[in-house]
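Participant: The lines below spell out each chain.
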Amino acid sequence: MQDRQTLTSRLCALDKSISPNQVLLPFEFHLLPDDSYTLVDGIAAALDDRIVVFQNGEKIKDIPFSDISEVNFRVGVGCVFIEYTMDGFDFILCRSDMREKDIFAAAAKEINRKINGDKINYQYEENLNRVCPHCGRPYPPGSSVCAHCAKKTGYLLRLWEVAKPYRAMIFFSIILYFVIAALNLITPYINRILVDDYIKYNYTDQNAVPPELTSFLLVILSMVVVNVVIRLISMLRGITLIKAGNRLVVRLREMVFNKIQTLSISKISSRTAGELMNRVTDDTNTLQQFITREMGNILEQVLIFAAVSILLFAYDWRLALLILLPMPFVVIAHRLFWKFMHRMYHKQWTMNAQANTILHDIFSGIRVVKAFGMEKREMERYDEVTLAECKTAVRNETFFGKVFPIINFFMGIGEFFLLYYVGNHILEGTMTLGEMTQFSSYVSIIYGPLRWIANLPRRLVRVMTSIVKIYDILDEKVDVADKESAVDIKIEGYIDIEDASFGYDNTTDVLKHVTAHIKPGEMVGIVGKSGVGKSTLINLVMRLYDVNDGCIKIDGIDIRDISQSSLRSQIGVVLQETFLFSGTIFDNIAYAKPDATLDEVITAAKIAGAHQFIIKLPDAYNTKVGERGHTLSGGERQRVAIARALLHNPRILILDEATASLDTETEKQIQDAIQKLIADRTTLAIAHRLSTLRNATKIIVLDKGTVAEVGSHEELMLKKGIYYGLVMAQRQMSKMSPKNSDIA
Amino acid sequence: MAESNSLQNIAAIIYITPENSKISVKNDFLQLELTAPNEEGNIETKTYDRIFLHRAFPFDHPYSYISVLDKDSKEIGMISNVDIFDEDTSLKLRAELDRKYYAPVIKKINSVKERYGFSYWNVDTDAGPISFTLHDTYRSMLKVEHVRIFITDIDSNRYEIPNVEELDHKSYKKIELYL
Numbered sequence: 002m003q004d005r006q007t008l009t010s011r012l013c014a015l016d017k018s019i020s021p022n023q024v025l026l027p028f029e030f031h032l033l034p035d036d037s038y039t040l041v042d043g044i045a046a047a048l049d050d051r052i053v054v055f056q057n058g059e060k061i062k063d064i065p066f067s068d069i070s071e072v073n074f075r076v077g078v079g080c081v082f083i084e085y086t087m088d089g090f091d092f093i094l095c096r097s098d099m100r101e102k103d104i105f106a107a108a109a110k111e112i113n114r115k116i117n118g119d120k121i122n123y124q125y126e127e128n129l130n131r132v133c134p135h136c137g138r139p140y141p142p143g144s145s146v147c148a149h150c151a152k153k154t155g156y157l158l159r160l161w162e163v164a165k166p167y168r169a170m171i172f173f174s175i176i177l178y179f180v181i182a183a184l185n186l187i188t189p190y191i192n193r194i195l196v197d198d199y200i201k202y203n204y205t206d207q208n209a210v211p212p213e214l215t216s217f218l219l220v221i222l223s224m225v226v227v228n229v230v231i232r233l234i235s236m237l238r239g240i241t242l243i244k245a246g247n248r249l250v251v252r253l254r255e256m257v258f259n260k261i262q263t264l265s266i267s268k269i270s271s272r273t274a275g276e277l278m279n280r281v282t283d284d285t286n287t288l289q290q291f292i293t294r295e296m297g298n299i300l301e302q303v304l305i306f307a308a309v310s311i312l313l314f315a316y317d318w319r320l321a322l323l324i325l326l327p328m329p330f331v332v333i334a335h336r337l338f339w340k341f342m343h344r345m346y347h348k349q350w351t352m353n354a355q356a357n358t359i360l361h362d363i364f365s366g367i368r369v370v371k372a373f374g375m376e377k378r379e380m381e382r383y384d385e386v387t388l389a390e391c392k393t394a395v396r397n398e399t400f401f402g403k404v405f406p407i408i409n410f411f412m413g414i415g416e417f418f419l420l421y422y423v424g425n426h427i428l429e430g431t432m433t434l435g436e437m438t439q440f441s442s443y444v445s446i447i448y449g450p451l452r453w454i455a456n457l458p459r460r461l462v463r464v465m466t467s468i469v470k471i472y473d474i475l476d477e478k479v480d481v482a483d484k485e486s487a488v489d490i491k492i493e494g495y496i497d498i499e500d501a502s503f504g505y506d507n508t509t510d511v512l513k514h515v516t517a518h519i520k521p522g523e524m525v526g527i528v529g530k531s532g533v534g535k536s537t538l539i540n541l542v543m544r545l546y547d548v549n550d551g552c553i554k555i556d557g558i559d560i561r562d563i564s565q566s567s568l569r570s571q572i573g574v575v576l577q578e579t580f581l582f583s584g585t586i587f588d589n590i591a592y593a594k595p596d597a598t599l600d601e602v603i604t605a606a607k608i609a610g611a612h613q614f615i616i617k618l619p620d621a622y623n624t625k626v627g628e629r630g631h632t633l634s635g636g637e638r639q640r641v642a643i644a645r646a647l648l649h650n651p652r653i654l655i656l657d658e659a660t661a662s663l664d665t666e667t668e669k670q671i672q673d674a675i676q677k678l679i680a681d682r683t684t685l686a687i688a689h690r691l692s693t694l695r696n697a698t699k700i701i702v703l704d705k706g707t708v709a710e711v712g713s714h715e716e717l718m719l720k721k722g723i724y725y726g727l728v729m730a731q732r733q734m735s736k737m738s739p740k741n742s743d744i745a
Numbered sequence: 054m055a056e057s058n059s060l061q062n063i064a065a066i067i068y069i070t071p072e073n074s075k076i077s078v079k080n081d082f083l084q085l086e087l088t089a090p091n092e093e094g095n096i097e098t099k100t101y102d103r104i105f106l107h108r109a110f111p112f113d114h115p116y117s118y119i120s121v122l123d124k125d126s127k128e129i130g131m132i133s134n135v136d137i138f139d140e141d142t143s144l145k146l147r148a149e150l151d152r153k154y155y156a157p158v159i160k161k162i163n164s165v166k167e168r169y170g171f172s173y174w175n176v177d178t179d180a181g182p183i184s185f186t187l188h189d190t191y192r193s194m195l196k197v198e199h200v201r202i203f204i205t206d207i208d209s210n211r212y213e214i215p216n217v218e219e220l221d222h223k224s225y226k227k228i229e230l231y232l
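These protein sequences, in sequence, are chains B and G. Using the numbering used here, read the first sequence as starting at 2 and increasing by one per residue. Using the numbering used here, read the second sequence as starting at 54 and increasing by one per residue.
Watch out, some of these pointers could steer you wrong.
[To be verified] Mimicking EDC-like on lysine to aspartate or glutamate, the simulated pairs with C-alpha atoms at most 16 Å apart in a straight line are:
id, chain 1, residue 1, chain 2, residue 2
1, G, 153, B, 36
2, B, 705, G, 229
3, G, 153, B, 35
4, G, 124, B, 71
5, B, 348, G, 229
6, G, 79, B, 35
7, B, 699, B, 710
8, B, 244, B, 295
9, G, 124, B, 710
10, G, 75, G, 151
Don't read these hints as lab results, they were simulated from the structure.
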């Protein structure tokens with residue numbers, strides 16, 4: 002995707018009559034407007050007075066804005082379109098593959114603004130799913146860091162910053178690594194003394210001086226001591242490193258979690274809950290594993306390798322070469338083998354995952370399976386996949402069983418050469434038996450980590466990926482942030498929505514130029530069809546999102562100038578989707594006011610109509626709810642949520658379909674109770690069931706993203722507009738139960 | 054003859070056929086003139102300036118069971134198979150469908166590189182050489198039939214491999230792991 006500047010200059014080169022400052026919004030497209038498959042090089046642009054379209058360098062369209070009544074973005078399957086309407090008929094402006102979907106959507110929206118006399122809002126450029134300018138690869142969804150081009154060393158340095166409080170511990174354990182590596186090299190040396198001076202001692206030779214028993218014991222003892230010291234230091238090292246690693250990871254995890262909490266809903270919802278969980282747990286875990294286990298190993302193996310190599314070269318460079326030369330081949334052979342095995346096991350793993358999916362499917366849907374009598378078919382389906390998995394597993398294991406010993410044999414073949422070389426030297430008398438033992442120990446020490454080193458790149462990539470992903474979150478820009486000048490206010494309850502427009506994405510504005518004024522003490526009902534933007538409007542009042550245009554004021558202050566904590570602590574919300582946290586009913590009601598007294602909680606529950614059912618539960622207010630807890634019905638959960646919002650004692654109460662799961666009788670009781678409570682508070686209520694709004698002092702009817710009607714129930718009924726239609730339709734539906742129709 | 058309370062009698066599919074309709078091109082789109090019973094059950098002829106086509110079974114039957122929608126996405130009726138119309142109309146219907154459903158067919162896979170949870174593909178398609186990226190490779194590959202694969206990339210572009218077994222050996226080896 003090319004940026005605005007490049008496209009502008011390309012466009013001006015194509016048509017010399019266009020000057021760069023005329024080009025308002027240029028964009029690319031890649032497909033012809035007909036059904037052909039070929040990719041083309043297309044460039045289109047909104048100029049100051051018209052739209053031009055160039056296809057492979059030829060101008061194919063040049064339409065003044067005055068001829069166009071509307072521009073539309075339309076999504077096909079695997080392709081996108083921009084269409085325009087002229088004299089009541091639709092035409093295709095251009096078509097592209099999905100690479101350009103974001104810019105197409107934004108362009109359509111902005112061109113419409115232009116046609117309607119507004120200015121183009123260049124904020125859209127921030128939301129485009131752009132590609133890395135370095136490598137051209139697209140950024141991962143919801144991220145703006147390219148995992149390929151991100152400077153790895155930079156991240157490691159930043160990690161080192163985070164590790165500041167634990168640096169001493171880390172240094173200490175690194176020193177211990179050096180000590181252990183050195184001690185490890187001593188053992189073969191003692192071995193050599195043992196063999197040369199004692200075991201190999203020719204006891205039949207009368208002239209030889211017999212070894213002293215005490216010094217022999219001393220040699221044995223020194224071996225024991227070295228061994229014990231190695232173990233002790235390893236223990237110390239392990240403990241230090243685990244402490245440092247764990248603390249570092251806990252700190253990092255806190256940072257990630259806190260960061261996620263400060264992000265706006267729109268940033269958070271661009272990632273799935275699972276993905277966020279992975280960032281907080283899995284990625285930090287990978288890092289922890291790396292620091293506490295693998296990093297130490299790497300260090301140790303590298304140290305030992307370096308030390309042994311130096312020792313070998315110092316002793317006999319030919320011997321050293323003999324040992325070291327085959328190593329690259331061994332490493333490569335090992336890697337190739339595992340790469341191949343990895344493919345085979347991956348296949349097996351996939352099949353296993355498939356079998357598990359089927360199993361999970363069957364068990365979760367067991368009622369359906371049984372109800373339709375499909376047990377036999379499901380059994381067959383499962384048998385089929387497990388059999389296939391079994392076959393693959395057998396094949397893999399057989400192959401592994403046959404090939405792995407052979408590979409192992411070839412990996413150790415260097416030792417035979419060594420034996421030959423060293424044996425020759427011993428026979429010639431230029432080397433002692435003890436020296437041979439010492440060197441074969443070194444060889445096994447040096448060959449030991451080989452397998453491990455072969456896998457090193459993969460491990461490093463994994464941990465680096467995790468670090469990059471963690472920092473991807475930590476570096477995320479906080480979009481709905483408190484201004485530095487943000488103030489804490491005591492809310493009275495005036496809400497002024499002034500010409501507010503908002504869209505969740507670039508495609509369309511959900512709310513367009515909404516204006517409404519609400520006074521303290523008013524209960525405002527918001528009605529309209531599903532998807533018209535009712536919930537969006539209250540999300541904006543809570544400032545879960547920021548408006549794109551216009552503003553929302555509370556008590557005359559733009560909510561972007563009010564601190565979020567002060568704003569939200571005075572707004573009570575009951576959402577349609579009531580979510581109860583794991584914990585007791587009491588905990589859930591007291592969620593937003595942890596210091597609430599028992600009296601307060603019970604009173605709130607009473608007003609919300611929750612007390613009656615809570616008191617009937619065996620554990621009453623101590624009943625565990627949420628995951629693995631007592632299951633409350635939809636209506637019960639809603640009442641707990643209402644109690645939670647009321648306890649908060651909010652100045653502004655927001656009810657989003659808060660009583661939809663209740664029967665009308667209970668709803669009326671709760672409403673009457675709330676009515677007393679909200680005397681001087683502002684209430685915004687969304688309801689499909691219009692009887693819910695019987696107490697509303699004002700009703701705002703939303704239609705097609707704008708305010709269509711405002712007024713009291715009576716006024717709107719007289720007007721015979723949209724609201725009248727809705728009431729009539731519901732009255733029709735509920736004429737069986739007269740209780741419901743008392744609003745109409 | 055269907056029973057009086059059979060499913061068909063409760064909600065019948067309205068078929069658009071050469072007998073009850075006329076499909077023509079209006080500007081860039083298709084126009085439909087349909088003679089069918091309206092909501093009150095009276096036969097009337099209505100003209101739709103622009104119709105939208107949608108495949109009911111996009112993978113299995115790309116040119117059969119085509120839902121015909123009006124501007125407000127309300128279904129006008131269904132076309133059982135585009136070939137029941139005369140050749141000219143059938144071609145127009147196919148063109149309209151092919152324009153909406155864009156999925157280049159992969160002929161050859163030049164490279165697949167997996168890194169950091171993403172895979173980077175370079176392929177030759179009937180629309181020319183294309184490079185694209187997948188997030189979570191395994192889940193981006195939809196196995197429609199035993200050998201037929203639809204790949205959805207990070208931008209939601211689609212690519213089709215009609216028969217993986219007919220790919221050349223080298224291409225097949227590159228994607229074998231994900232199948």
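Participant: Next, verify each hint and record whether it holds.
Facilitator: So, going through the hints one by one against the coordinates:
no. : hint             : verdict
1   : G:153 with B:36  : 8 Å, holds
2   : B:705 with G:229 : 49 Å, violated
3   : G:153 with B:35  : 9 Å, holds
4   : G:124 with B:71  : 15 Å, holds
5   : B:348 with G:229 : 9 Å, holds
6   : G:79 with B:35   : 14 Å, holds
7   : B:699 with B:710 : 10 Å, holds
8   : B:244 with B:295 : 15 Å, holds
9   : G:124 with B:710 : 26 Å, violated
10  : G:75 with G:151  : 20 Å, violated
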